[in-house]
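Assemble the whole structure, with the sequences as input and the hints as a guide.
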Amino acid sequence: MNALKEGFRRTGREPFAVGALLVFHFAWTVPLYRYIESRVTEVMSRWPPPELGGERAELFVYDFLLTLQDRSVWLPLVGTLLACALVRLVLVPALEAGVYQSLSDERTPRGTAFIRGVRRLSVSFIWLYLLRLALLAAPLYWAVPAALRNWAAAETPAQIAAGLAPWLLLVVVWSALVKLLFIYVLFALTDDERLLSALGFAFRRLVPVTGIALAVFAVSLAAGLALFAASLYWAGFPSVVLFLLDPLVRVWLKVWGIAAQYRYWRARRI
Amino acid sequence: MPEPKRSRLPFLAPLALPLLLVLLLQVFAGPLFGQAAPAGKPAGEKPAPDAAEEQGKPKHAPLSRRVTEYHIRVRYDEKKRVLAGEQSVTWNHPGKKPVHDLYFYLYPNAFRSAETTFMKESGGRLRDDRAVPGGFGSMTVSSVKTLNGEDLTHRLSFVQPDDGNGEDRTVARLRLSQPVMPGESVTLLMRFEVRLPRVFARMGVAGDFLMAGQWYPKLAAYETAGTRGRREEGWNTHQYHGNSEFYGNFGTYSVTINVPESHIVAATGFQAKPAARGNGRKTYHFYAEDVHDFAWAASPHFQYAEEPFADRHVPGVKIKLYLDPRHAHLKDRYFRAARLALSRYGEWFGPYPYATLSIVVPPAAGRGAGGMEYPTLITAWAAESDRPGYELEQVVAHEIAHQYWYGIVASNEAEEAWLDEAFASYAEFRLLQAEYGLDGHLKREAVSLKNPAPLKLDAWKFTDHAQYAANVYTRGKLVLLTIEREIGTAAMRRVLKTYYERWKFGHPGTDDFRQVLEEVTGRSWQRFFDQFVYGKMTLDYEVADIRSRVVEKDGRPLREYTVRLVNHGGWLKPVPVLFKFGNGTVAEAYWADESKEKTFRLTTDSRLLWVAVDPDQHFLLENRLYNNVLLAEIDPAWKMRWTVLAGKLVETLLGWAI
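Quick note, the sequences are listed as chains P and B, same order. Residue numbers are given in the numbering used here: position 23 of the first sequence equals residue 23, and the series is strictly consecutive. Residue numbers are given in the numbering used here: position 480 of the second sequence equals residue 480, and the series is strictly consecutive.
Everything labelled a hint here was simulated from the structure, so no lab data went into it. Fair warning: this is a prediction, and the values are worked out from it, not measured in the lab. Treat the hints with care, since some could be wrong.
[Unchecked claim] With a cut-off of at most 20 angstroms between alpha-carbon atoms, the simulated EDC-like pairs for lysine to aspartate or glutamate come out as follows:
no., chain 1, residue 1, chain 2, residue 2
1, B, LYS282, B, ASP464
2, B, LYS648, P, GLU37
3, B, LYS450, P, GLU51
4, B, LYS648, P, GLU42
5, B, LYS450, B, GLU518
6, B, LYS273, B, GLU542
7, B, LYS639, P, GLU42
8, B, LYS145, B, GLU184
9, P, LYS254, B, GLU651
10, P, LYS5, P, GLU106
11, B, LYS96, B, GLU184
12, B, LYS504, B, GLU486
13, B, LYS639, P, GLU106
14, B, LYS536, P, ASP70
15, B, LYS598, B, GLU588
16, B, LYS443, P, GLU58
17, B, LYS97, B, ASP208
18, B, LYS120, B, ASP464
19, B, LYS596, B, ASP540
20, B, LYS450, P, GLU37
21, B, LYS456, B, ASP530
22, B, LYS96, B, GLU193
23, B, LYS443, P, GLU55
24, B, LYS443, P, GLU37
25, B, LYS456, B, ASP163
26, B, LYS573, B, GLU542
27, P, LYS179, B, ASP163
28, B, LYS443, P, ASP70
29, B, LYS596, B, ASP545
30, B, LYS573, B, ASP530
[What the hints assert, rightly or not] If the Cβ cut is set under 8 angstroms, some of the chain B residues that face chain P in the computed set are:
no., residue
31, TYR304
32, PRO308
33, LYS450
34, ARG607
35, TRP610
36, ASN627
37, PRO636
38, ILE658
From the three backbone atoms N, C-alpha and C, an ideal C-beta is built for every residue, glycine too.
Following this line, the structure appears as structure tokens:
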């Protein structure tokens, strides 16, 4: 509880880190949303009006799915996604290096600490994120073929969902665990400590560490859902405001999640 | 060839006339009383699959020009998976020029290695079936002799007329020691052996089921001048390809098949005498005439049933059903589908001229043998499910339709596959619609035509099997249905009846069909064929964009809309365009000319909601339905909602990864 409280206060004292993450967030989501909006407009403006007969909508979906199988159609979509992923793969670890350094180094001015972190830790962070990505994707090797087999065998949507659920749960739990443990590996890297001992630390205290993560997650989920529901409900200008507010909340919660774990890590190590 | 029986009962002569009259009435006007009842054996009598068939006696006058005559003896060694055979084949020169070479198809060599043209083109996959690793097969011809005993074996060489692939041994040329002169014939005695592949792409072995299609050295087709627009006579030879099916001259077949005693054999034609047993083996003798190929299947597990059938459009045929035990309970469905197909096609196209029709239902492991046509023998889908849907009726309807277009009319499936496949698909669609109330999914089929190609195209020149199937089956069928929409069902029936009657046993080409169509309808179809048959056109009308501006008229502000339409496809006839307004009114206009782009201007005091081209979806060949409609404006709130929803999904996915 203490770690959560102190982490929250600490987040308030990290305007530079929060600001940098916020700028990054806007920099990649604004073009992304523009792109998605253009695709959505295209689909919506072709959606057959009900007066033309119910089966036209069915045909439209069928045609749409067939069109997606066309290489010249899916390639730009997948290409855009991959380009986004690549940009994030470089920038996210670099910015988080700044956040971790900033949390670790309280005496240096915030901006200086942040930039020092980016300079000092970026490359190592990128490699660790790549390793983390490989670990995150590992269960897909089994989950995807199993899900496809289930998809082919299932006859009703309920059967498809029932078959997918255990695999989805496995992927979610595994991803959460890997991400949580990696936070401690990154702490060790930032504080020049042994990576394995940080892993051991997190393992030995898995219950409180998970507790902190779950508490932050619960708040994030509640806030996220509230904002999401509001942006769907108040489409129009209010949703633009929400669109701007939403990243601030999310970035704040993200830094809080790291800061709370960092407080716990420091408190136990001293 | 056995002689037909003559009457030896002269005292029955006074009864002959009334009997003949009753018979004629039966054939031409249907049964005298009530429903058409199958003639022949009473129900419940167990049929014998090995018995000889009375009604299958050779007919007096040949129905076709019999270019070939085969006498084949074959022994199936089930342990070695080998067919050992010998044949006497006579080729009756149908042309006017001396012929120095004969061409034989050794199609089992398509499965000889991964380097054959068929295996390279298909990648070891065909119609959802895969080649079994190591399941190769092949054919060797060990001896070719003339009737004088002259050995011509060394004169046999492999040729690759289509692609020059040296690894392909599916076509062999035999250089004769002396030419065959016009009107003359040549007879050769050949010994051959087929190492059977595991069932894949129509033929082979699956457990103790055997499908023998393209299993003997078969003469290629010799086309006389004028056939399918040909200027000079000559051979029409093609390798075994990933997509192509078959083409040959008509002739007679007398085939004895020796199998293990436990096996039941289904084959082209009729059984000439009862199966002879001895030494744990059984020998069948089949005879067929006026056919251009001979296929057979064998299995110890076949459950045999037969049903004689005749009605006003079917002179009389014995339907022979060879069921995999898994489908034993579906016997009646197979029979019903076959009866309906024979009856309807008899009515629509012309009477089925053969005495038998055999239907083989392969076991699940033999799925590659399923859904195939041979003269008087078809294979249904393999018995993979206990409760098949309408695909059971569809495949029977489709393959029986092939009896007409592949079997009797006998188009060239290598070069003009659509004349068979599209016509069979059309017949299947019409039959299932008329008898089972199935309307199919024509619109879905149309939108799936994303990669159109000309219909009259060598089968192996399509980019892949998907493109071949989508065009030759689906687009071809839609072309025929489009013609029918234009001229009406009655006229279409007259076209197909005339085409069948004129070209049965005649090997027509696409132009021959067009000429029949023009003759019956009394107008030119050249433009239509140039676009949709010889060309790869579909119809593709797009409402490209809608622009609006405010104009003032009589002091009132009005909206002026400019609607731009684009035609990306071919042209059939004027297309209707519908405009829907916010006040509930609609306006209709026609795009009547053949321009590629058209602009409509509307000035209105209401809001234009949407524009739809071909709003009733009348055009069957329209393959991009989504661009037929364009909304003038979309709800910004919903646009925002969908964008947020899709955006969150992408963010979550990317956020999960990094």
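Each hint, compared with the structure:
no. : hint                : result
1   : B/LYS282 - B/ASP464 : violated, 43 angstroms
2   : B/LYS648 - P/GLU37  : holds, 12 angstroms
3   : B/LYS450 - P/GLU51  : violated, 27 angstroms
4   : B/LYS648 - P/GLU42  : holds, 19 angstroms
5   : B/LYS450 - B/GLU518 : violated, 30 angstroms
6   : B/LYS273 - B/GLU542 : violated, 64 angstroms
7   : B/LYS639 - P/GLU42  : holds, 10 angstroms
8   : B/LYS145 - B/GLU184 : holds, 18 angstroms
9   : P/LYS254 - B/GLU651 : holds, 14 angstroms
10  : P/LYS5 - P/GLU106   : holds, 17 angstroms
11  : B/LYS96 - B/GLU184  : holds, 10 angstroms
12  : B/LYS504 - B/GLU486 : violated, 25 angstroms
13  : B/LYS639 - P/GLU106 : violated, 46 angstroms
14  : B/LYS536 - P/ASP70  : holds, 18 angstroms
15  : B/LYS598 - B/GLU588 : holds, 15 angstroms
16  : B/LYS443 - P/GLU58  : holds, 11 angstroms
17  : B/LYS97 - B/ASP208  : violated, 47 angstroms
18  : B/LYS120 - B/ASP464 : holds, 11 angstroms
19  : B/LYS596 - B/ASP540 : holds, 11 angstroms
20  : B/LYS450 - P/GLU37  : violated, 26 angstroms
21  : B/LYS456 - B/ASP530 : holds, 11 angstroms
22  : B/LYS96 - B/GLU193  : violated, 34 angstroms
23  : B/LYS443 - P/GLU55  : holds, 10 angstroms
24  : B/LYS443 - P/GLU37  : violated, 29 angstroms
25  : B/LYS456 - B/ASP163 : holds, 19 angstroms
26  : B/LYS573 - B/GLU542 : holds, 16 angstroms
27  : P/LYS179 - B/ASP163 : violated, 57 angstroms
28  : B/LYS443 - P/ASP70  : holds, 19 angstroms
29  : B/LYS596 - B/ASP545 : holds, 15 angstroms
30  : B/LYS573 - B/ASP530 : holds, 15 angstroms
31  : TYR304              : violated, 34 angstroms
32  : PRO308              : violated, 40 angstroms
33  : LYS450              : holds, 6 angstroms
34  : ARG607              : violated, 13 angstroms
35  : TRP610              : holds, 5 angstroms
36  : ASN627              : holds, 7 angstroms
37  : PRO636              : holds, 7 angstroms
38  : ILE658              : holds, 5 angstroms
Checked against the numbered hints given earlier, the structure breaks hints 1, 3, 5, 6, 12, 13, 17, 20, 22, 24, 27, 31, 32, 34 and satisfies all the rest.
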